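Top line first, the protein sequences correspond to chains A and B.
445 is the number of the first residue of the first sequence in the numbering used here; add one for each residue after it.
-16 is the number of the first residue of the second sequence in the numbering used here; add one for each residue after it.
Keep in mind that the hints were calculated from the coordinates and are not lab data.
As the structure is a computational prediction, the values presented were derived from the model and not from experiment.
Note that beta-carbon positions come from the ideal geometry of N, C-alpha and C, so glycine has one too.
Any given hint could turn out to be false.
[To be verified] A short list of chain B residues far from chain A (calculated; beta carbon distances all over 12 Å):
{"no.": "1", "residue": "Phe2"}
{"no.": "2", "residue": "Arg41"}
{"no.": "3", "residue": "Lys124"}
{"no.": "4", "residue": "His167"}
{"no.": "5", "residue": "Met269"}
{"no.": "6", "residue": "Thr281"}
{"no.": "7", "residue": "Arg327"}
{"no.": "8", "residue": "Met373"}
[Unchecked claim] Just the calculated beta-carbon pair ranges, DEER-fashion:
{"no.": "9", "chain 1": "B", "residue 1": "Glu123", "chain 2": "A", "residue 2": "Ser639", "range": "24 to 32 Å"}
{"no.": "10", "chain 1": "B", "residue 1": "Gln23", "chain 2": "A", "residue 2": "Lys562", "range": "43 to 51 Å"}
{"no.": "11", "chain 1": "A", "residue 1": "Lys609", "chain 2": "B", "residue 2": "Glu116", "range": "32 to 40 Å"}
[Stated by the list, open to error] What the simulated footprint calls covered on chain A by chain B, stretch by stretch (three residues with Cβ under 8 Å from a Cβ of chain B suffice, anywhere in the stretch; the number is not a length):
{"no.": "12", "segment": "462 to 471"}
{"no.": "13", "segment": "569 to 577"}
{"no.": "14", "segment": "621 to 631"}
{"no.": "15", "segment": "668 to 682"}
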Amino acid sequence: MANKTVMSTFDQRLPKTENMFIPFIMSGDPTPDLSIELAYTLQESGADVLELGVPYSDPLADGPTIQQAAARAIEQGMTIQKAIQLIPEMRKRGVHIPIVLFTYCNPVLQYGMETLVKQLKENEADGLLVPDIPLEESEELKQHAEAHGIQLISLVAPNSEERIKRIAEQASGFLYCVSSLGVTGERAEMNPNISSFLEQVKRHSSVPVAVGFGISTNDQVRLMHEYADGVIVGSKIIKIIEGEQSALLKEETKVEGLQRVKGKISQLLNY
Amino acid sequence: MSVTYPDAKGRFGDFGGKFVPETLMAPLQEIEASLTEALQDEDFIAAFQHELKTYGGRPTAFTYANQLTESLGGAQIYLKREDLNHTGAHKLNNAIGQALLAKRMGKTKIIAETGAGQHGVASATVAAKLGLECKVFMGEKDIERQELNVFRMKLLGAEVIPVSSGSKTLKDATNEAIRHWVAHCDDEYYLIGSVVGPHPYPKMVRDFQRVIGDETKTQYEDVKGGLPDRIFACVGGGSNAIGMFYPFLGTGVELVGIEAAGRGIQSPEHAATLTKGTPGIIHGSMTYLLQDEFGQITEPYSISAGLDYPGIGPEHAYLHASKQVRYESITDDEALEAIKTLSRTEGIIPAIESAHAVAQAIKEAETMEPSESIVINVSGRGDKDMSTIMKYFEGSAEHGE
Chain A
445 MANKTVMSTF
455 DQRLPKTENM
465 FIPFIMSGDP
475 TPDLSIELAY
485 TLQESGADVL
495 ELGVPYSDPL
505 ADGPTIQQAA
515 ARAIEQGMTI
525 QKAIQLIPEM
535 RKRGVHIPIV
545 LFTYCNPVLQ
555 YGMETLVKQL
565 KENEADGLLV
575 PDIPLEESEE
585 LKQHAEAHGI
595 QLISLVAPNS
605 EERIKRIAEQ
615 ASGFLYCVSS
625 LGVTGERAEM
635 NPNISSFLEQ
645 VKRHSSVPVA
655 VGFGISTNDQ
665 VRLMHEYADG
675 VIVGSKIIKI
685 IEGEQSALLK
695 EETKVEGLQR
705 VKGKISQLLN
715 Y
Chain B
-16 MSVTYPDAKG
-6 RFGDFGGKFV
4 PETLMAPLQE
14 IEASLTEALQ
24 DEDFIAAFQH
34 ELKTYGGRPT
44 AFTYANQLTE
54 SLGGAQIYLK
64 REDLNHTGAH
74 KLNNAIGQAL
84 LAKRMGKTKI
94 IAETGAGQHG
104 VASATVAAKL
114 GLECKVFMGE
124 KDIERQELNV
134 FRMKLLGAEV
144 IPVSSGSKTL
154 KDATNEAIRH
164 WVAHCDDEYY
174 LIGSVVGPHP
184 YPKMVRDFQR
194 VIGDETKTQY
204 EDVKGGLPDR
214 IFACVGGGSN
224 AIGMFYPFLG
234 TGVELVGIEA
244 AGRGIQSPEH
254 AATLTKGTPG
264 IIHGSMTYLL
274 QDEFGQITEP
284 YSISAGLDYP
294 GIGPEHAYLH
304 ASKQVRYESI
314 TDDEALEAIK
324 TLSRTEGIIP
334 AIESAHAVAQ
344 AIKEAETMEP
354 SESIVINVSG
364 RGDKDMSTIM
374 KYFEGSAEHG
384 E
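Construct the entire structure; sequences and hints are all you get.
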């Protein structure tokens, strides 16, 4: 490593590394201010890490729910720059868990890799996740991220096979295991081979192993917590927020709406 | 050239590569390995050539456009007649190649995306011929514009899946095909229709389309001897152009690619990716694309459903950056005028896509010497575009033409 490594805040901010709950929200959906409130509400509901999505026009790894959330956020004028600027507001509101920015490769390139990780650090973010930069193309971004103390989160898929070892060995923050082939979104049934896949990943990983894609029910969370250190829930959270959208958008019903979001997330987690 | 592109990472200079979700890395590696093996297997090459000849109708004709040449009084104009391929466009060459590869890999289902419908029809055709299941993703807007091709695909037994996201055109059909493939990559083969997408697609499609340029070289040599002075081909994703250009790279022939300027490159309504775009990543590949400052991909426009794609094949991006090919742009109006000209002088109605190449060639031929000669790649025939062409001329008639 040519650059000196800046101390990461990720581990310091991580409250625990087992039975982790890692929710995803789309910044700007339904509004930037509500993203701040929702981040706090999710922490109150038991979130250990927050994945903050940047809306993108062409999200190849996402299913319809997150794709539509992105389209709504773009309508709201949300950009990668504005999403980063939400993070210090979340910190002021009392969000102290690690925040990982979820975005795609093209916005990262246009913003500039180094500028992005530098600003993430300055704005008190802890990690970055780019689903369309595979290991082979990640070197430059990883160097910049390490130089600024930002964890670049890696993904492994059930068909990664001999790549699992290579990906897991260089993972930082946590390792994101894609539960099954496909894009994000709810699935009625989980991959039956998930336990052996996760065991294999855990053998090679020195960071917590979290599993995501399709986890949407209390039963699935319980099951995945048996095999992995954490679960990532995206589309289901977006749906919960969508369901409360009209309440959230009115000042007089906002607090109740946030309470109901919290309640629904508790139902998901209390098993 | 000392370097043969793409390199091991699938890069053409700075362009290309594999920028895809991790789930697609294994299937892409599988295709790469199978392709390398297939291209070294004489039986595979023979089977490909056999289908091109006995099913596709190759070699396609090479036509001297004597009346067009005389009317312009400049360079001699030759036409490479990809419009004479079975299904009406160059798209069939690649569809045959990839479908044979898919079969060799043991896949029974193929998926494809289509804009104008030509690739969808070619895929559906080859799927029927080779006994494969076929799903074609198509934007809702293109389904409306290309009603006839939608019907053809269905008649051929393919399932046409309407895409309602984004601009409802080729870009979104491609996104949806990729998303579908991510979920079904264990048993489905994604048959990409142009020299776009992650490695090894741009290289593979080029290798299957280079037959256009190889034939042109031989045919020109037979008719005239030597090499032509300039070659023209239209560029959306860019497969007919790369197929034509590739064998001529480094030979001294001036190569000209023509993008769609839509309503003009000074307006927001165009698809001139190299003229107006900037480097970025689309559909798994680093190339030039139309985007805003934060990297959101913007919606292109062209009267031609085959050219309104916001990106371009990475090899074209490289050929543009390294100045080995000159890229120009032609408006809707100029392309439609060229359709009229070629129809009336040569009795050939080109596809609107191909008419972009014809229009630029007409502009340049006039300024060249009668001793010089040019080749235009007529990549497809205009039958599929009849309703668009009719509406256009009815519209301009109303405006006093």
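Going down the list of hints, with the structure as the test:
Against chain A, the non-interface label of Phe2 of chain B is violated: not every CB pair exceeds 12 Å, the least being about 5 Å. Every CB of chain A lies more than 12 Å from the CB of Arg41 of chain B, the least distance being 35 Å, so the non-interface label holds. Its beta-carbon lying about 16 Å from the closest one in chain A, Lys124 of chain B satisfies the requirement of being farther than 12 Å from that chain. Separation of His167 of chain B from chain A is inadequate, the least Cβ-Cβ distance of about 7 Å not exceeding the 12 Å criterion.
Interface exclusion of Met269 of chain B from chain A breaks down, the closest Cβ pair being 8 Å apart, not more than 12 Å. Taking the minimum C-beta to C-beta distance to chain A, about 8 Å, the non-interface status of Thr281 of chain B is violated against the 12 Å cut. Non-interface call for Arg327 of chain B relative to chain A: holds, since the shortest CB-CB distance, roughly 42 Å, exceeds 12 Å. For Met373 of chain B, the requirement that its beta carbon stay farther than 12 Å from each beta carbon of chain A is met, with the minimum near 33 Å.
The given range of 24 to 32 Å is broken by Glu123 of chain B and Ser639 of chain A, whose C-beta atoms sit roughly 41 Å from each other. The given range of 43 to 51 Å is respected by Gln23 of chain B and Lys562 of chain A, whose C-beta atoms sit roughly 47 Å from each other. Roughly 35 Å separates the CB atoms of Lys609 of chain A and Glu116 of chain B, a value that falls within the hinted 32 to 40 Å. Counting residues of the segment 462 to 471 of chain A whose beta-carbon sits less than 8 Å from any beta-carbon of chain B gives 0, not enough to reach three: the coverage restraint is violated.
Residue count for the segment 569 to 577 of chain A with a Cβ under 8 Å from a Cβ of chain B: 3. That meets the three needed, and the coverage hint holds. Look at the segment 621 to 631 of chain A against chain B: 4 of its residues bring a Cβ nearer than 8 Å to a Cβ of that chain, three or more, so the hint holds. For the segment 668 to 682 of chain A, the stated coverage by chain B is not satisfied: 0 residues place a CB nearer than 8 Å to a CB of that chain, which falls below the threshold of 3.
In this structure, the hints that do not hold are numbers 1, 4, 5, 6, 9, 12, 15, in rising order.
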